[in-house]
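Got chain L sorted already, so can you dock chains Z and G onto it with the hints?
Chains as they are written, first to last, in my numbering: chain L, 72 to 713; chain Z, 72 to 713; chain G, 72 to 713.
Be a bit skeptical, because a hint or two may be false.
For identical chains, the list gives no copy identity; a pair is met inside one copy or between any two copies.
To be verified - Each computed BS3-like pair below joins lysine-lysine, with the alpha-carbon atoms no more than 27 Å apart:
(1) Lys700 <-> Lys526
(2) Lys150 <-> Lys467
(3) Lys491 <-> Lys355
(4) Lys712 <-> Lys700
(5) Lys162 <-> Lys150
(6) Lys467 <-> Lys162
(7) Lys162 <-> Lys526
(8) Lys355 <-> Lys150
(9) Lys201 <-> Lys134
(10) Lys467 <-> Lys712
(11) Lys134 <-> Lys467
(12) Lys628 <-> Lys526
(13) Lys712 <-> Lys134
(14) Lys355 <-> Lys700
Calculated directly from the structure, the hints in this document are not laboratory data. Model, not experiment: these values are computed from the prediction.
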Amino acid sequence: MHLGVCYYPEQWDEFRWQEDAAQMAALGLTRVRIGEFAWSRIEPETGRFEWAWLDRAIETLHKAGLGIILGTPTATPPKWLVDAHPDILAKDSNCRVRGFGSRRHYCFSSQTYRREATRMVTALAERYGKHPAIVMWQTDNEYGCHNTTLSYSAEAALAFRNWLTRHYNSVETLNSAWGNVFWSQSYRSFDEIDLPNLTVTEANPSHILDFRRFSSDQVISFNTMQIDIIRAHAPNTDITHNMMGFVTDFDHHTLGADLDLATWDSYPLGFTEQFWFTESEKIKYARQGHPDIAAFHHDLYRGCSNGRWGVMEQQPGPVNWAAYNPSPLPGMVRLWTLEAFAHGAELVSYFRWRQAPFAQEQMHAGLQRPDGSADVACAEIAEAAGDLEHLAGAGKPLSSVALVFSYEAQWMIQTQPQGKNFDYLQLVFEFYTALRKHGLDVDIVAPDADLNHYKMLVIPSLPILGNEIMATLENFGGPVLIGPRTGSKTRDFQMPDDLPPGPLQELMPFRVLRVESLRPGLLLHGAGFEINRWFEHIESVSLPEIALDNGCGICFKQAQYRYLAGWPDDALLAQVIASMAGEADIAIMSVPETVRVRRRGDLIFLFNYGTEPVDVSDVVMGGTIIVGKALIVPAGVCVLKL
Amino acid sequence: MHLGVCYYPEQWDEFRWQEDAAQMAALGLTRVRIGEFAWSRIEPETGRFEWAWLDRAIETLHKAGLGIILGTPTATPPKWLVDAHPDILAKDSNCRVRGFGSRRHYCFSSQTYRREATRMVTALAERYGKHPAIVMWQTDNEYGCHNTTLSYSAEAALAFRNWLTRHYNSVETLNSAWGNVFWSQSYRSFDEIDLPNLTVTEANPSHILDFRRFSSDQVISFNTMQIDIIRAHAPNTDITHNMMGFVTDFDHHTLGADLDLATWDSYPLGFTEQFWFTESEKIKYARQGHPDIAAFHHDLYRGCSNGRWGVMEQQPGPVNWAAYNPSPLPGMVRLWTLEAFAHGAELVSYFRWRQAPFAQEQMHAGLQRPDGSADVACAEIAEAAGDLEHLAGAGKPLSSVALVFSYEAQWMIQTQPQGKNFDYLQLVFEFYTALRKHGLDVDIVAPDADLNHYKMLVIPSLPILGNEIMATLENFGGPVLIGPRTGSKTRDFQMPDDLPPGPLQELMPFRVLRVESLRPGLLLHGAGFEINRWFEHIESVSLPEIALDNGCGICFKQAQYRYLAGWPDDALLAQVIASMAGEADIAIMSVPETVRVRRRGDLIFLFNYGTEPVDVSDVVMGGTIIVGKALIVPAGVCVLKL
Amino acid sequence: MHLGVCYYPEQWDEFRWQEDAAQMAALGLTRVRIGEFAWSRIEPETGRFEWAWLDRAIETLHKAGLGIILGTPTATPPKWLVDAHPDILAKDSNCRVRGFGSRRHYCFSSQTYRREATRMVTALAERYGKHPAIVMWQTDNEYGCHNTTLSYSAEAALAFRNWLTRHYNSVETLNSAWGNVFWSQSYRSFDEIDLPNLTVTEANPSHILDFRRFSSDQVISFNTMQIDIIRAHAPNTDITHNMMGFVTDFDHHTLGADLDLATWDSYPLGFTEQFWFTESEKIKYARQGHPDIAAFHHDLYRGCSNGRWGVMEQQPGPVNWAAYNPSPLPGMVRLWTLEAFAHGAELVSYFRWRQAPFAQEQMHAGLQRPDGSADVACAEIAEAAGDLEHLAGAGKPLSSVALVFSYEAQWMIQTQPQGKNFDYLQLVFEFYTALRKHGLDVDIVAPDADLNHYKMLVIPSLPILGNEIMATLENFGGPVLIGPRTGSKTRDFQMPDDLPPGPLQELMPFRVLRVESLRPGLLLHGAGFEINRWFEHIESVSLPEIALDNGCGICFKQAQYRYLAGWPDDALLAQVIASMAGEADIAIMSVPETVRVRRRGDLIFLFNYGTEPVDVSDVVMGGTIIVGKALIVPAGVCVLKL
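Just chain L, with the same shape it has in the complex:
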């Protein structure tokens, strides 16, 4: 695994470059990412390119032995370009122009911007495509960040109509698919179709879902455009994109399929603060991050690009963008680094080399403080580099459990939550956590992935059951867990003719007669567990495997398949997972609350996300400790070799 860092030579006096490069190398880094926000320095005005400084920067870094990851600067079109072509700008759902003055202000549907981005990426690829220093290309930066996938511009409307025309061919087909007879919503031509914002009450969910699919496709095609250019000039160099955490507005599986490897930007503290975790979890894990956030994304993005993946930006200290920005517990930077390795990363690159004393991110820590002194992450990175040497030659991270995640499912349930606390992403995350608490190794996979080699399959929810996943289910031999709302919709966002779970009825003979969404505090009780948020009334010829106190079934089992007819709590998930692991003949363990486990080859990694030492002697029997101790200190790591 390479260690690397993000660097912005354009932000520093040139005389510092050489020493910076030398210090990077001395720290054990072998990769450096540059260039991804430098458009205005590369092309200060239209058509005038300034390559000399970039040539020198690349040369200086290369000479220090660093392999360069070169980013295309399309996330930040300069002001002169925006002023010349205001149609580049995106519009938000209130139809306000999203103006210049930060980043990601372009609309993916702007033809002008596609032309300009093509021009810039071509120029960059022509100049550096064959440069020996460049070991990887990165397209753009964090697609979708700052809620930028969806744009409601006039160009987006035009492109959406074209997309619909291509997908439906005739407007009668669209009217039928969307059920536009309802509320006199029928269209006479594709030209009549607006974007689904600013309607009086909610728009047609089929309309919204197609707009979500279209918007995702726009990101993919924008990226493909860049990849095609880069491959033409650098056919043998890896191409990546750095994905964000918990961004789900475009389909990362589809995007990843075009990449050589997927990378992502790992900010566990900020993500803990900004997402659905409870107040007490946010306090408990304020300085460590929730123990499943980094791993969840490792396992998710590993599934996006044939198993090749890395961390392009690793949080090295406090950030500037969350509501509250505490400092990581000492040891966390090393822990995160080793955890990425345990999950099979090729790269962990820290963001950023030196904290910038100016502009938006001046409060974002780096490996160096603004004055060039080493910030606290440096020592942890040096220690991690030593650990990694010790662990060289480790085998592959193989997983016994496949967990299905679908971006389309996320869009569907966001479009029609039915209960305002039904968050698909959270549901998947809670299933993931439950599996990890039993010490299981998980791959997070797309619904159309090949899953035959797994021992256990978990589908927290999948409203649309396509042909691929149905074939997978039919052929899968191990235990399968299927969660609520699965099979509840057709591809057109209609209810299936034979009611939910639709095609799943071929495998499990039951029907969902009615669903309920439940406000917080409105609970359904079972023996040792509670159902909250969601409950489905099931009609089934067979008795449930698990029932509520009121007799209603909550878990149904047919052959190797189990269906959960509600949102389970930890206790119910634990019960079901234990049964399945037994059936699959997978060993499970009871992992202490703050500890997480991951296997790679014959190594077992244990990570302590807690603020107290934890003794794991009882957890893992056998094996030899090769890193750390059985009494794992806070933010500590213990590695065993079997």
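Then chains Z and G, alone, in the frame of chain L:
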């Protein structure tokens, strides 16, 4: 009482119509509402009318013995019409166009839309005005739903200026009425007057109130326009409009005066979830609805149209539009049906026949599931139909108590709440609940209604005391309860010259010297009760009937009149109501918390809104139980004959 | 000290003026403010001036012995002016026009409005500049109220570009100062620079800060324009402006420097309700206001205009504009009046004479009710007038402690809070409260004030350490307390080259290596105190004076300087203040929770803000009570003469 159902033949293949009609009739239904969203199927493009399908649908339903309620489809102007005339669209208070893509997107002030609606309603009335199948007409659908009464379009501004010109004649009169000398707000002509949105701080309350009155008038005149057309072609057919629950943006009393009967759309679970009820009430009544919501609207809308009324849409299962959508407790559909009967309904029509598998309401339950199987409401409706046969020939629902509700009061207090927790609608509802907890039968009436035949009069609040209500008060012989802020404003939204309670001083010699609004937790204590939200400092020559611990009067009594100088809690209301009932010689009872009572003729109905059985043997002495038992099951009904 | 009142002759029939004036004089009032909202009555249409009524009003009031404070009516441009010049209107941050219909709808950058305001103020000054009745002029009314300092209009953008051009001269300098190399934000010319709203994610903080400085300057120059006109026509008459409470969007120190005296509008109950105080504080002080709000502003605005100041609007009863508007505890109007005197006010003027029965403020109490009867404040004012006679000849209010407040600091921390609960104004207020709880007399001063005569200096936070404050610090002999984030930024909003605390390192040899913002509940513990919200990791050669339980330093002392490396709680502040007072040889006292103390000359004032009597016998030894008693009643005042 007729039972009916809402049906959308345009949404189903024609071959299903006949069986649907037969099943309706078999279930005991005798009415079916159709047509109200079908504009684009009746007129798929401008001027091309397709009547054949509707002719056949009416014929099919009629043949099955169903009387048809035909709705005008003006709530959903089709896209081709909106595109041809974008001035049809309303604007919200931020001046954003409220676009096509759901429903109710038209502006009541659009002259174009009035012309187009006239054209459509005329065409419909010409074709079906004399059709023997049509037993009732419904204008439009749920005026005001989705916050659509107020529009801030250019056409609304023009119409508002015309309205002001008609009402004030001279701009000097308006300047004086509004007090425009304040903050240099004087106008030189009506043309200078804008709508009261997007001001820097709050607009002049007189300005806002007139805009609210104008906006209400626009709804009324739009409806009158439709009624005039329909009456011309169907002079002997009942005309109704289906009003919503807790929608108060237009004056339902005025609208109702134009109708033959008022109907409303009863969704007790959604209304409980979406309104001011506490967290614990929302959980406690999640599956039953708050026990006073349905009855409140029954008693309110019965007062809107000379006592003739019905339920046009009755919730039959979970809905799709509340934040959380649980399933009704088994029995509730029957309970709601019988309760409507107890309150004197002519019609209970369920929404809808078959759950649509597509578009916005695909998660809204119907009597049938999307696959045509009977959903759980069917059995309850069949049982209710049996009960109704048993109860045939019941007398009229006579009430001893009149409770005054004023839409204008609602607009005034919304315009100038003075304390942000002062919600007029909630205040009225709490008085209503207090009366019902004593087993009293209530009519909710307009301030200008004839009230002489009641034994007791309750006015929770009435800022403007007009001539009619003053005459009523002077002549009313029984006890009268008058709540805070009554008489506090003139019709121009000014304070009265002689201070509040203004003209009430003719009957009760006191003045309000000062008012206080109180944040939650800032309470004033009395003997066994507390005042919250609002308190008035009273100057009075006589001693208060009830005082606070600090000596300030809270209830003043003069002859038959009582005035409450604050927002009362349950305990204070109970004390006052008990005194009044004694004076009026009306029997009261102490009703168990989850039970409600309603008399109709010589029948007494008891409804258990709780989740536990309740024994009402002690509550009602005498009489013979003709439906149910004295131990009323959850969601159960007990009917006694005296 | 003069007592006065705000009066609107244009709002009342002329026959009432004479009696009003007589009643004012009889109550002990000697000042009356008029005119500040009367534009449309002075100039009902363009160029037609109606002076006669104003002449007569002035004459009538003057004859009764009242000195007149005449306000320029520029806060309320009339509708005819706005319609003729729509460019007068401001725009909000969403680019919505802030329309006519209330007040303060003008944009400070509108050249048209500056021309029109010049025309009006000139006309007014020409007519009344030499009038013997006019004892003071007030410019406009409550600049910044209703969030009106910032405007995002096209004219504001133009003026901002000009402002930037003047300040930076070359765009390269600006690019460097703002760090625009970051995210390709570089500009090629000043013309390319937009206002910092509607960006995709946060704008560059340097960009925002300059916009805040510019916006403040626009207020100042608008005011200077008025002052220049008035001084030209009334060279010897005091000029003031009535500032608001807790409004910080423009620099009141700079504005005050142009005034003869600063005045402010004191609404302690509304301010308690609307700002950051806890629920329990809001309830506890609902009818008294938080005990430090009035004093804080007295001490702040006294520092804005060379020590001359007054209260232009004093709350006399419930107001209309807070979320909840209770009535002041009996006695509070007198208490507030005497407290202003204790802090050295020249004027306390009540708002308003008679409650208007119409328009926006009809629920705002006055000294008279709308019917002309005396409201409860009158008796308290009469009592206060008597007290003041008794206290005549009191010395000056001298303070031992200087507390530094910086408007620029407020803008910086609002721009980049880093933790969402870091509110600079609250931090300063909490330091102020802590000082007052020890019975200390405080002057709140600008960073560039001359502070040599104080015994103790407190700087809660000051991100930019300019030359003046650095010189002050170097020369100051007494103990100095410096709070977190001081010296953390350069004037360009960059981090200092040598890290925070930047230039403070010349006096205190430590560096801030890292900062953390902490969510509520994430606390750091010390001996008897807790740190919340903010913590700084300090590198220092010397040991901390006070450390956390984990050993990290929280208070560092070097010579007379102390630095607090976090947000302190009451206990830590008390500990530090006690130490400093000892070093400065200032006597401190332990003041009961609801009591506040202020010295003026040889008088000691004690105010009881509680609802229970408090015995202060033990608090102040010696002296003779000349007003009140040692057992101070609720809302009572006790004055001792030493």
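Results for each hint:
In this homomeric assembly, Lys700 and Lys526 never come within 27 Å of each other (Cα to Cα): the closest approach is 31 Å inside a single copy and 57 Å across copies. In this homomeric assembly, Lys150 and Lys467 never come within 27 Å of each other (Cα to Cα): the closest approach is 47 Å inside a single copy and 57 Å across copies. For the identical chains of this complex, Lys491 and Lys355 are neighbours both inside a copy (26 Å) and across copies (19 Å), given an alpha-carbon limit of 27 Å. For the homomeric pair Lys712 and Lys700, the shortest alpha-carbon distance inside one copy (13 Å) is at most 27 Å, but the shortest distance between copies (73 Å) is not.
Taking the shortest alpha-carbon separations for Lys162 and Lys150, both the intra-copy value of 17 Å and the inter-copy value of 23 Å come in at or below 27 Å. In the homo-oligomer, the alpha carbons of Lys467 and Lys162 never lie at most 27 Å apart, since the shortest distance is 45 Å inside one protomer and 59 Å across protomers. Taking CA atoms no more than 27 Å apart as the test, Lys162 paired with Lys526 passes in neither setting, with 46 Å inside one copy and 57 Å between copies. Taking the shortest alpha-carbon separations for Lys355 and Lys150, neither the intra-copy value of 43 Å nor the inter-copy value of 53 Å comes in at or below 27 Å.
For the homomeric pair Lys201 and Lys134, the shortest alpha-carbon distance inside one copy (17 Å) is at most 27 Å, but the shortest distance between copies (81 Å) is not. For a Cα distance limit of 27 Å, the shortest separation of Lys467 from Lys712 inside one copy, 14 Å, qualifies, whereas the shortest one across copies, 80 Å, does not. With identical chains, the CA atoms of Lys134 and Lys467 are never at most 27 Å apart, being 32 Å at best within one copy and 73 Å at best between copies. Taking the shortest alpha-carbon separations for Lys628 and Lys526, only the intra-copy value of 17 Å comes in at or below 27 Å, while the best inter-copy value is 64 Å.
When the C-alpha separation of Lys712 and Lys134 is checked against a cutoff of 27 Å, the pair qualifies neither within a copy, at 37 Å, nor between copies, at 81 Å. Taking the closest pair of Cα atoms, Lys355 and Lys700 come within 27 Å of each other only inside a single copy of the chain (24 Å); across copies the shortest separation is 52 Å, beyond that limit.
When each numbered hint is compared with the structure, violations occur for hints 1, 2, 6, 7, 8, 11, 13.
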